[in-house]
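As a plain string of letters, each chain reads:
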Amino acid sequence: MTLRSPLSRVLGLGSAKDGTTHWWAQRVTAVALIPLTLWFLFSLLTLPGLDYETVRTWLSVPISGFLAVLLVAVLTYHSYLGTMVIVEDYVTSSGMKVLTLMALLFLYILAGGAGIFAILRVVFGFSRL
Amino acid sequence: MPLRVRPTSPHAQIYRWQIGNTLSILHRVTGAALAVGLLALSYWLVSLAGGPDSYISAARFFASPIGLAIVLGWTFAFLYHLLNGVRHLFWDAGRGFERTQRHASGWIAVLGAVALTVCVAVWVWPRLA
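The listed protein sequences correspond, in order, to chains D and S.
Letter by letter, the first sequence follows residues 1 to 129 in my numbering.
Letter by letter, the second sequence follows residues 130 to 258 in my numbering.
Worth double-checking, as some hints may not be accurate.
Claimed, not checked - Only pairs whose alpha carbons sit at most 25 Å apart, straight line, appear in this in silico SDA-like list of lysine to any residue:
no.: 1; chain 1: D; residue 1: Lys17; chain 2: S; residue 2: Ala141
no.: 2; chain 1: D; residue 1: Lys97; chain 2: S; residue 2: Arg133
no.: 3; chain 1: D; residue 1: Lys97; chain 2: D; residue 2: Thr2
no.: 4; chain 1: D; residue 1: Lys17; chain 2: S; residue 2: Val158
no.: 5; chain 1: D; residue 1: Lys97; chain 2: S; residue 2: Ala141
no.: 6; chain 1: D; residue 1: Lys97; chain 2: S; residue 2: His156
no.: 7; chain 1: D; residue 1: Lys17; chain 2: S; residue 2: Ala222
no.: 8; chain 1: D; residue 1: Lys97; chain 2: S; residue 2: Leu168
no.: 9; chain 1: D; residue 1: Lys17; chain 2: D; residue 2: Thr2
no.: 10; chain 1: D; residue 1: Lys97; chain 2: S; residue 2: Gly166
no.: 11; chain 1: D; residue 1: Lys97; chain 2: S; residue 2: Ala222
Unchecked claim - What the simulated footprint calls covered on chain D by chain S, stretch by stretch (three residues with Cβ under 8 Å from a Cβ of chain S suffice, anywhere in the stretch; the number is not a length):
no.: 12; segment: 65-78
no.: 13; segment: 81-90
Because the hints were derived from the structure by calculation, they are not lab data.
Glycine included, every Cβ here is placed at the ideal spot set by N, Cα and C.
This is chain S alone, in the form it adopts within the complex:
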């Protein structure tokens, strides 16, 4: 056992928030949200297999105002996690490490996810009967 509590890094209260660590944490947060989304996907599939009655009760939840807000949140979480995930894959390939590239790809991931979420919402909205 250590004799004293050793410092941890990055110290959340001291570390200066910047695009790098913010997007890194957002990647984890959206991943955790999508894990819950996987449970919802599974529930939706089970309700479909259960027949019209169970499907309708599941669909009623997802189409409720709260349900729609959650699904919209999952849409953003998915799109951000996808775009930032591709960013990570480029890093894994040893590319895009320059400061300007990191910042540019970070903004592309965030703004791209927001723009695509808006596109999905605009596409779905008139179809909500």
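Next comes chain D alone, as it looks inside the complex:
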């Protein structure tokens, strides 16, 4: 016995089966970002300077590099989830919405990927391109 109408069954509409996934991921990343962002802010503020050598030396330390990779990864995900909602709220035409969301995903993967790759280059000292 189901309460769904035959039309609803034919159209295949209804629950997308991902209920609270977006909401929950936004919260989990938010909680993770509290220590990560504060660590990053305090690190930059307490470095003796922000010149090339000082920053490079600081980021080359494995724990700094590791936390920086986590920061960029979680930040990218959290920011993607947030801007996604903004686009869904304000871009009303469905074609534009799909295109904007796709562009957004590409942009975030590009920005996050470049940031993480840059940190790995600093930590592992890949040769200059």
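For chain D, the structure is supplied; the task is to place chain S on it using the hints.
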């Protein structure tokens, strides 16, 4: 398709501005600003991985008057988004919904972010060589 344009809520020109909706919109605005900040963070990391020359040109931009103003804006946006985000997490846990609590925590988020931004500026200012 609907036969007539249905009213949307809250109607921006009619809805009375108060602390609740103002801070809610500010949370979204600062989040959007921080999304751009993520691109800048990624650019800064890539410039660091690229060697001294690229790092110096990036650092020169961030240390310019316009660059410093933007970074200061991101600092406020981050601190507000952090404090108001914690406020949201308390709500998610079912706490702080009373009118006085909502208003108090809202003011703490705004004034706390302003105060901490001033602290960061005062800390950084003498270190700008």
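Outcome of the hint check:
no., hint, verdict
1, Lys17(D) x Ala141(S), "33 Å, violated"
2, Lys97(D) x Arg133(S), "22 Å, holds"
3, Lys97(D) x Thr2(D), "33 Å, violated"
4, Lys17(D) x Val158(S), "30 Å, violated"
5, Lys97(D) x Ala141(S), "22 Å, holds"
6, Lys97(D) x His156(S), "22 Å, holds"
7, Lys17(D) x Ala222(S), "24 Å, holds"
8, Lys97(D) x Leu168(S), "22 Å, holds"
9, Lys17(D) x Thr2(D), "17 Å, holds"
10, Lys97(D) x Gly166(S), "23 Å, holds"
11, Lys97(D) x Ala222(S), "32 Å, violated"
12, 65-78, "holds (count 4)"
13, 81-90, "holds (count 3)"
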